[in-house]
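Kindly generate the complete structure, drawing on both the sequences and the hints.
Protein chains in written order, with our numbering: chain B, 1 to 233; chain E, 234 to 702.
Any given hint could turn out to be false.
Keeping only pairs whose Cα atoms sit at most 27 angstroms apart, straight-line, the calculated DSSO-like set for lysine-lysine is [what the hints assert, rightly or not]: (1) K127(B) to K239(E); (2) K384(E) to K697(E); (3) K205(B) to K390(E); (4) K239(E) to K108(B); (5) K12(B) to K697(E); (6) K390(E) to K26(B); (7) K100(B) to K239(E); (8) K108(B) to K172(B); (9) K67(B) to K384(E); (10) K390(E) to K23(B); (11) K390(E) to K67(B); (12) K239(E) to K128(B); (13) K570(E) to K663(E); (14) K12(B) to K538(E); (15) K666(E) to K583(E); (16) K100(B) to K128(B); (17) K134(B) to K239(E); (18) K127(B) to K172(B); (19) K108(B) to K176(B).
Examples of chain B residues toward chain E, derived with CB under 8 angstroms [said to hold, decoys possible]: (20) L48; (21) N52; (22) Y88; (23) Y106; (24) E109.
Source of the hints: derived by calculation from the structure; they are not laboratory data.
Ideal Cβ positions, reconstructed from N, Cα and C, are used throughout, including at glycine.
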Amino acid sequence: MIHIQDVSKSFKGNLAIKNLNLKVEKGEILGLLGANGAGKSTTINMLLGFLNPDSGTVSINDIDTSKNAQEVREQIGYISENVNLYPYLTGIENLDYFCKLAGLNYSKEELQDFLTACGLQSEAHHKKVSGYSKGMRQKVGIAIAYSKDAEVYLLDEPASGLDPLASNELSKLLKKLASEGAIILMASHDIFRVREVCHRIGILKNGVLVKELHSKDVSANELENLYLKFMQN
Amino acid sequence: MLQIIKNEWRFLARSRIFLGISFAFASILLVSIFLGFYQTKKQEQTHKNAKDHVRQQWVSIDEMNPHSAAHYGTYVFKPANLLSSLDEGVNSVTGNVLRVEGHVQNEIIHSEASQMQSISRFGKLKPSLLLQYIVPLLLIFLAFNSVSSEKQSGRLKLLFLQGAKPLQIILSKTFSVWLYGVLLLIFVVIVYGILHIDSITTEILTRTGIFFLSYALYYFIISGLTVFFSARWQNATLALTSMLGIWIIWTIFLPNILMSSSEKWHPLPSRNEFQSAMKEDRSKGLDGHNPKDKRGLELKEKVLKEYGVDSLSQLPINFDGMRMQADEEYGNSVWDKHFGNNRNVLQKQKQSFQLGGIVNPFISLQNTSMGLMASDNLHHQEFLLQVENYRRVFIKMLNDKQTYGGSKTGNWSWKEDNAFFKSVPDFDYKPTKLSKIIPNYLLDIALLAFWSILVILLIRFGTKKIEIV
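Right under this line is the structure:
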């Protein structure tokens, strides 16, 4: 379970997160909506153990991320907005390298299956990443997170740069992972994708969780209106 | 760790620029090794020709008075050193030829630098020049961006998430850069070994082994520090600037400043002071060519008493030879005093300069490199000492022949035949054994090891504060 309890975080006197409380249970996908600077990435970085909260606790499966970052990271699959890979390696080599770092030794076929499952066409598997588009790199990034077979997935604008088809594939993948018991937190600007994929949605504004709701309770249009209302106020 | 090192090398192997630079640099190294080899071979040949020629002159003396032969003298040539084809050290400035004669200890002359402007200006292109100055620069350029690029691209975050630890990443990056330097070293040592395959001895192997070790340690220091700065500073430019600054201070400024300081702390007498002091002390002794010299007369009385005779003409020996030898022995003690003093000063200079290794590992590297390649001042002093010892044996043999060879005092026209001159041994240089001089370099090696440990500690504790976000 992801558990964020009374967390505040500021940078050089500027409050980025204020008294944030969040829980994401096993098999659940939580979407965090918010404008740039709302605190979405800060929240994810605290969950990853790269930032420590000024107050409150952040834990994953009851492990405090500020105290046992390394242990927590082993359980996390992470996809960032901009996946930067090694340009001199091919897609499959990049995946293989990051898997091996995590202690995972997959066969060539298994690696190809991961890439294909994440929407990367097979003819691109053996091409150098320096020739990839942003979307193709993003797909390899998703494959890296997916191959880790993690208990928790943290996604920071994961669909950034993806074409609609790949975006749809990602949604399917996330749903599948959740159905298998994964805990997923996804930060995004994409209201419609969040509404479609997530079980619950939180709206962050200036570091404050201003609204939390179940996606089944709102339509996409209602969510958009709600979001705009909060952002404009 | 192995995965990260493998990945770094995959990057290097796929970079055309890197491969191009490596190929070009390896070619330059190859040229420098061949040049060193060629120069050494040429020097060996020149040395052999000169030595044979001078020896031939000596053994061709048909008949000559032994003391006249002592004035005729001979020449000793500093032999080319196989190891110095890797590091020339001070060889090109110290001179190669020493005239050996009676009554006087001459200075070594004819340095290569005094005859070739290119050497006096730029030094010789030897592998050590490239290994000491250029390879560290290559390592800096390879390493300065190694962690900062990961940080700036966001890959560092991913590396951590995949289980890599900061220490692991930085050590792996350090080892992969260091490995490049070590490969260049291996390349140099192998090519050198192949070229000298017939002459390799345990002594050469041991010296080259420790030479290799000291360079490997220095490269680790450079690689580790650069990777550390790359991890610690916010951007790569700052890491590069810091390391280039350190490189300039370590290789250009500090060696000069520290050497000048140690020369000031332990000054050598100037050449004039040295010669005047020698002359003055010598004048207090016995003059072998002056029969009225007071000390000479004292010796005469002593010898006459020993032989139980009243005059020199009654002596069964030639007193002139004995007086000459007494003169020599006094001169030897004067030389021992002044040359010994110079050696002591040089030793003190070396010791204080060695301590510079505490702030500058480059000094320790240079000391071990020259020392192990038998081309530093210590080895040069050992050579001079051997020549002086030879001179003493050489002159004593001639004086003894003058004394006991059958001539009478005052008979300067008496001559010894060719067989005697042939029996006078030639100078046989015994290269200084590493076991004899290794204590002089233990501090340098220890300081290089100390710096390596310091860098590991810096990485170990300094990288905890790396900012990822």
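Hints and how they fare:
1. Taking the CA atoms of K127(B) and K239(E), the gap is near 19 angstroms; set against the 27 angstroms cutoff, the hint holds.
2. With a C-alpha separation of about 15 angstroms, the suggested pairing of K384(E) with K697(E) holds against the 27 angstroms cut-off.
3. Between K205(B) and K390(E), the direct Cα distance comes to roughly 26 angstroms. Compliance with the 27 angstroms bound is thereby established for this hinted pair.
4. The suggested pairing of K239(E) with K108(B) holds, with an alpha-carbon distance near 18 angstroms, which does not exceed 27 angstroms.
5. Our distance criterion of 27 angstroms between C-alpha atoms is met by K12(B) and K697(E), whose separation comes to about 21 angstroms.
6. Annotation: proposed proximity of K390(E) to K26(B) holds, straight-line Cα distance about 25 angstroms (limit 27 angstroms).
7. As the CA atoms of K100(B) and K239(E) are separated by approximately 11 angstroms, the hinted pair is consistent with the 27 angstroms bound.
8. Our distance criterion of 27 angstroms between C-alpha atoms is met by K108(B) and K172(B), whose separation comes to about 24 angstroms.
9. A distance of roughly 22 angstroms separates the Cα atoms of K67(B) and K384(E); the hinted pair therefore holds under the 27 angstroms criterion.
10. For the given pair, K390(E) sits about 24 angstroms from K23(B) by alpha-carbon distance, which is consistent with the 27 angstroms threshold.
11. Annotation: proposed proximity of K390(E) to K67(B) holds, straight-line Cα distance about 18 angstroms (limit 27 angstroms).
12. Restraint check: the Cα-Cα separation between K239(E) and K128(B) comes to about 17 angstroms, which is no more than 27 angstroms; the hinted pair holds.
13. Between the alpha carbons of K570(E) and K663(E) the distance comes to roughly 24 angstroms, so the proposed pair stays at or under 27 angstroms and holds.
14. Note on K12(B) and K538(E): the hinted pairing is violated, with a Cα-Cα distance of about 102 angstroms set against a maximum of 27 angstroms.
15. Restraint check for K666(E) and K583(E): satisfied, since their Cα atoms lie roughly 19 angstroms apart, inside the 27 angstroms limit.
16. For the suggested pair K100(B) and K128(B), the alpha carbons sit about 19 angstroms apart, so the restraint of at most 27 angstroms is met.
17. At most 27 angstroms may separate the alpha-carbon atoms for a hinted pair to count; K134(B) and K239(E) meet this at roughly 26 angstroms.
18. Restraint check for K127(B) and K172(B): the C-alpha separation of about 26 angstroms stays at or below 27 angstroms, so the hint holds.
19. For the suggested pair K108(B) and K176(B), the alpha carbons sit about 23 angstroms apart, so the restraint of at most 27 angstroms is met.
20. Satisfaction of the interface hint for L48(B) is found here, the shortest Cβ-Cβ separation to chain E being roughly 7 angstroms, below the 8 angstroms cut-off.
21. A least Cβ separation of about 11 angstroms between N52(B) and chain E goes past the 8 angstroms threshold, and the interface hint is therefore violated.
22. Proximity of Y88(B) to chain E holds as hinted, the smallest CB-CB distance being about 5 angstroms (cut-off 8 angstroms).
23. Look at Y106(B): its Cβ only gets to about 13 angstroms from chain E, farther than 8 angstroms, so that hint breaks.
24. Taking 8 angstroms as the C-beta cut-off, the interface hint given for E109(B) is violated, the closest approach to chain E being about 20 angstroms.
Comparing the model with each earlier hint shows violations of hints 14, 21, 23, 24; every other hint is respected.
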